[in-house]
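Quick mapping for you: the protein sequence lines, in order, are chains A and B. So the first sequence is numbered by full-length UniProt numbering: it starts at 1 and just counts up by one. So the second sequence is numbered by full-length UniProt numbering: it starts at 1 and just counts up by one.
Watch out, some of these pointers could steer you wrong.
Unchecked claim - With a cut-off of at most 27 Å between alpha-carbon atoms, the simulated DSSO-like pairs for lysine-lysine come out as follows:
1. K55(B) x K211(A)
2. K24(A) x K78(B)
3. K157(B) x K222(B)
Since the hints were derived computationally from the structure, they do not count as laboratory data.
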Amino acid sequence: MNFTNFGKYILLLKAAFRKPEKTKIYLKAIFQQMDFIGVGSLGLISIISTFIGAVMTLQIAFQLVSDFIPKTIIGSVNRDSSILELSPTISAIVLAGKIGSAISSEIGTMRVTEQIDALEIMGINAPGYLILPKIIAGITMVPVLVIISMVLSIVGGYLGGTLSGALSAAEYVQGITTDFNPYTITVALVKAFVFGFIITSVPAYEGFYVKGGALEVAQASTRAVVVSCISILACDYIVTQLLL
Amino acid sequence: MIEIKDIYKSFGDNEVLKGISGKFEEGVTNLIIGGSGSGKTTLLKCMIGLHQPDKGTVLYDGREFTQLNFEERIEIRKEIGMLFQGSALFDSMTVEENIMFPLNMFTDQPRSEKLDRVNFCLERVNLADKNKLFPAELSGGMKKRVGIARAIAMNPKYLFCDEPNSGLDPKTSIVIDELIKEITEEYKTTTIVVTHDMNSVMGIGDYIIFLHEGKKFWEGSKEEIAKTDIEELNDFVFASRFMKAAKGKF
Numbered sequence: 001m002n003f004t005n006f007g008k009y010i011l012l013l014k015a016a017f018r019k020p021e022k023t024k025i026y027l028k029a030i031f032q033q034m035d036f037i038g039v040g041s042l043g044l045i046s047i048i049s050t051f052i053g054a055v056m057t058l059q060i061a062f063q064l065v066s067d068f069i070p071k072t073i074i075g076s077v078n079r080d081s082s083i084l085e086l087s088p089t090i091s092a093i094v095l096a097g098k099i100g101s102a103i104s105s106e107i108g109t110m111r112v113t114e115q116i117d118a119l120e121i122m123g124i125n126a127p128g129y130l131i132l133p134k135i136i137a138g139i140t141m142v143p144v145l146v147i148i149s150m151v152l153s154i155v156g157g158y159l160g161g162t163l164s165g166a167l168s169a170a171e172y173v174q175g176i177t178t179d180f181n182p183y184t185i186t187v188a189l190v191k192a193f194v195f196g197f198i199i200t201s202v203p204a205y206e207g208f209y210v211k212g213g214a215l216e217v218a219q220a221s222t223r224a225v226v227v228s229c230i231s232i233l234a235c236d237y238i239v240t241q242l243l244l
Numbered sequence: 001m002i003e004i005k006d007i008y009k010s011f012g013d014n015e016v017l018k019g020i021s022g023k024f025e026e027g028v029t030n031l032i033i034g035g036s037g038s039g040k041t042t043l044l045k046c047m048i049g050l051h052q053p054d055k056g057t058v059l060y061d062g063r064e065f066t067q068l069n070f071e072e073r074i075e076i077r078k079e080i081g082m083l084f085q086g087s088a089l090f091d092s093m094t095v096e097e098n099i100m101f102p103l104n105m106f107t108d109q110p111r112s113e114k115l116d117r118v119n120f121c122l123e124r125v126n127l128a129d130k131n132k133l134f135p136a137e138l139s140g141g142m143k144k145r146v147g148i149a150r151a152i153a154m155n156p157k158y159l160f161c162d163e164p165n166s167g168l169d170p171k172t173s174i175v176i177d178e179l180i181k182e183i184t185e186e187y188k189t190t191t192i193v194v195t196h197d198m199n200s201v202m203g204i205g206d207y208i209i210f211l212h213e214g215k216k217f218w219e220g221s222k223e224e225i226a227k228t229d230i231e232e233l234n235d236f237v238f239a240s241r242f243m244k245a246a247k248g249k250f
């Protein structure tokens, strides 16, 4: 995203946050988007988080082969990695692929088939009607998904560790309950909030300014996912730097 | 009435509109015609605010439109109905929801009243029983008619139609043309149709503007267009074999 595009992105966001024409219709759209982003992604996030937690436990156990390190550390490392990094970031990248491409192609198709022009002719603020509900749904549902992801990742670690025999259930539970710092949850939720904003606003921008036809919509969709992923990783670093 | 004064519009170095002026009266079907690339759709988009003209003004019953910001344009836009070339129906909504959409956004009528209005509009375009269908389930002609129903849902004072016959068979084209003319005369709307379909021109063209290379080249009625001696206009009007054969019979 160069400076011109960044400027257009900011102006689009400014337009999206104008006062809604009819709050009731916007609320309905917000709930529809929350269903799409939250409920629609629950299965995928659950599967990925559980497996990542399980694999993390096995890999930590594989690397920490020392008599001087208690096995409870495996649980602690898995817990902190899941909460601070894996759940927010991996979930966000997966959601950027799933939701980002859907948002970009939906809005892009509406642009090339003149549906956005139709909204504007009616006197409706198209960025507000199309983008604002998605952003609000993103910044509320992505943190919820991240919390679920954290829980399932830790549960996955328990299953992976105990089923493989890498550590006992008691060692794992002791590990995840020792020296727990609740502030890590705050950091993860701040990340999730920022990522939720990126996942919805960047693809919406890419779709909103599509020119051409089906090929350009597909290109915008790809660009939306790429730019979202890079933005997520950059913001991940910045938020971590600022909060830890 | 809509009046345009000295409209200029360029895209980069490409000057598309070169000082176009005209007056479009209410209750008559006004046509903007011209070949591909002559600037007719660009002119239409400048008139409805989808493009900002580089120079010139658009007046809706004396109200200046081009210099207004988004919020200030809303009041005039509520009076505009538009039929798009590809219909531009919202894919995710049924026919009923498409037509009800502007009513939901801008009126506080109870649902029963809005439903009555939707049914009235659908009956007006002869699609009375199609409320629950999605746009993907409609034929091209039906989509255009739903587009017209949506355009008239808010009782517009100004009706714009961009290539209303594109992609339609001749019989359906005539139905759409007749519908536009009937609505214009019945509701006294200021109707502007962008087309290059000569059947439409000869069928419903009360007042016609011919654009050529971004300039207004000619204006007049359908009776006058058939008798013109202007070479560029003749080349456009009588380009098809059918029209050549029919020359002198209008």
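Taking the hints in turn, this is what the structure says about them:
For the hint linking K55(B) to K211(A), the alpha-carbon distance of about 24 Å falls within 27 Å, and the restraint holds. A threshold of 27 Å between alpha carbons decides the hint, and for K24(A) with K78(B) the separation of about 19 Å falls inside it, so the pair holds. This hinted pair checks out: K157(B) and K222(B) have alpha carbons roughly 24 Å apart, not beyond 27 Å.
Consistency note: the structure conflicts with none of the earlier hints.
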